[in-house]
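Protein chains in written order, with our numbering: chain G, 36 to 212; chain S, 7 to 339.
No lab work stands behind these hints, which were simulated from the structure alone.
Here a beta-carbon is modelled for each residue, glycine too, at the ideal position from N, C-alpha and C.
There's no promise every hint is true.
Chain S is faced by these chain G residues, among others (derived, beta-carbon under 10 Å) [to be verified]:
| hint | residue |
| --- | --- |
| 1 | L51 |
| 2 | T52 |
| 3 | C84 |
| 4 | V101 |
| 5 | G154 |
| 6 | E158 |
| 7 | R210 |
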Amino acid sequence: MDADITLTVDGERRALTVDTRVTLLDALRDRLGVTSPKKGCDHGQCGTCTVLLDGRRATTCLAFAVAHDGAEITTSAGLGAGDGGVGAEPAHPLHRAFLEHDGFQCGYCTPGQICSAAGMLAEAEAGWPSAVTPDVAERPALDEAEIRERMSGNLCRCGAYPGIVAAILGVAEGRRT
Amino acid sequence: MIPFDYRRAGDAETAVAAVAGNPGAAFLGGGTNLVDHMKLGVAEPDLLVDVTRLPFDSVDPLPGGGLRIGAGVRNSDLAADERVRTRYPVLAEALLSGASGQLRNLATTGGNLLQRTRCGYFQDVTTPCNKRRPGEGCSAREGYHRYHAILGASPHCVAVHPSDLAVALTALDAVVRVRGPRDGHGERAIPAAELHRLPGEHPEWDTVLGHGDLITAVDLPPLPMAARSRYRKVRDRASYAFALVSVAAAVELTGDVIGDVRIALGGVAHKPWRATLAEAALRGRPPDRAEFRAAAEAELADAQPLRDNRFKVPMARNTIVSVLAGLTGEEPR
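Please construct the entire structure, taking both the sequences and the accompanying hints into account.
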């Protein structure tokens with residue numbers, strides 16, 4: 036079954052016709068040529084397909100594109116665009132921090148890590164607790180343990196976690212000061 | 007994946023009628039479990055009725071002091087709700103211990119309750135599984151069953167229900183509101199503890215719901231004792247893993263004794279396991295470790311672990327003791 040849908044991707048409105056079976060990830064990569072989100076496990080376990088979906092981090096491999104008609108999607112490539120436009124690098128403080136702190140090796144998981152980190156920082160700023168917050172009724176303080184817990188949905192097979200945590204902590208501290 | 011038709015429901019009545027009228031239809035919530043099962047061939051609906059845009063997306067106060075959680079409220083939003091965090095911390099903790107941040111932003115309250123077991127054989131269509139294809143046999147009973155049931159299993163199925171949320175709701179005496187094809191314009195109420203069932207002869211049925219039944223909301227009772235509650239999940243990884251054993255508990259001290267207590271276990275059975283024997287053993291008793299241990303052992307006396315999950319019996323006992331000790335000031339949270 037085909038469906039006509041519209042997606043706004045990194046600020047650009049795109050209309051397309053998709054089979055209902057097409058995931059958001061495949062629609063982005065194979066239909067729209069947006070290859071910033073990557074396909075890793077394709078089962079919601081690795082986080083490398085993470086984007087900001089209507090402003091919140093979400094895996095795109097477990098979402099049918101047809102169910103997100105009208106959605107606004109920001110990929111890592113589109114994060115911070117506006118200064119230099121999509122592809123102008125390094126556009127966002129998280130991009131710069133990942134470079135500074137060696138937050139990647141092969142880079143395959145990086146766009147998902149960046150989008151997840153962006154969404155996670157917004158969640159923490161909104162006061163959302165996590166599984167390691169000592170008292171869920173209190174406003175959490177974002178430290179290394181909190182970052183590790185909140186980023187546990189993003190795997191890095193190169194094991195760049197120390198750099199990833201340092202990069203995100205750096206951006207979080209920069210925002211606080 | 008087989009081709010399917012997709013419809014977006016405008017109201018609950020239409021959604022229920024659309025699914026009820028087609029044996030191959032299914033409701034689509036956040037999709038984090040169903041879409042995966044469609045990729046794996048575990049589920050093969052020919053019609054998806056998307057219920058995520060129905061007006062069930064808020065948490066509202068109930069007369070009398072409880073809360074009504076819309077079935078479409080995302081797991082992340084529910085865990086972040088101030089009223090839930092302060093009045094029902096066990097619920098926020100349970101939600102936050104499940105899945106990942108990305109998945110919690112998608113997953114809905116109703117969908118979380120109706121997610122299916124993560125038994126590897128259920129998810130692998132090349133292996134026999136009575137839950138997926140009744141009569142085929144159970145591969146887990148003699149196979150890989152480290153994560154499987156120690157209570158209430160049957161010869162036909164040893165799977166466990168994977169939801170953390172359901173365990174907390176069971177401990178809290180929550181009530182699930184359902185609208186089905188035979189309910190007309192009304193709804194019926196099912197205690198959370200009775201939503202899921204034991205496998206018995208029919209492991210293919212996870213819950214007491216019928217085809218076309220739609221969860222519209224979950225009601226939390228006022229339950230002041232829930233302000234002192236917690237959820238502890240024991241798992242193989244520090245984060246982003248299903249429970250080996252989990253405990254949801256709330257305790258109310260009256261003077262020097264336990265006035266009231268709620269305990270539910272996850273990871274041990276085909277349904278969230280309300281520990282009524284342990285609760286009965288503890289009411290009116292002093293809050294000390296010997297009492298907690300005796301109560302936990304009473305609950306687990308009938309446990310029938312499998313070859314490779316015997317460790318779950320002492321693990322469940324110790325986790326119950328630890329959680330109750332923490333809640334009653336025996337040790338820090």
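So, going through the hints one by one against the coordinates:
Among the interface hints, the one on L51/G is violated; its C-beta lies about 15 Å from the nearest C-beta in chain S, farther than the 10 Å criterion. This hint is violated: T52/G has a C-beta 13 Å from the nearest C-beta of chain S, more than the 10 Å allowed. Because the beta carbon of C84/G sits about 9 Å from the nearest beta carbon in chain S, less than 10 Å, this interface hint is met. A least Cβ separation of about 5 Å between V101/G and chain S falls short of the 10 Å threshold, and the interface hint therefore holds.
Here the hint on G154/G is kept, as its CB sits about 7 Å from the closest CB of chain S, short of 10 Å. Hint status for E158/G: holds, given a least beta-carbon distance of 7 Å to chain S, under 10 Å. Interface hint status for R210/G: violated, as the beta-carbon distance to the closest one in chain S is roughly 18 Å, over 10 Å.
The structure shown violates the earlier hints numbered 1, 2, 7.
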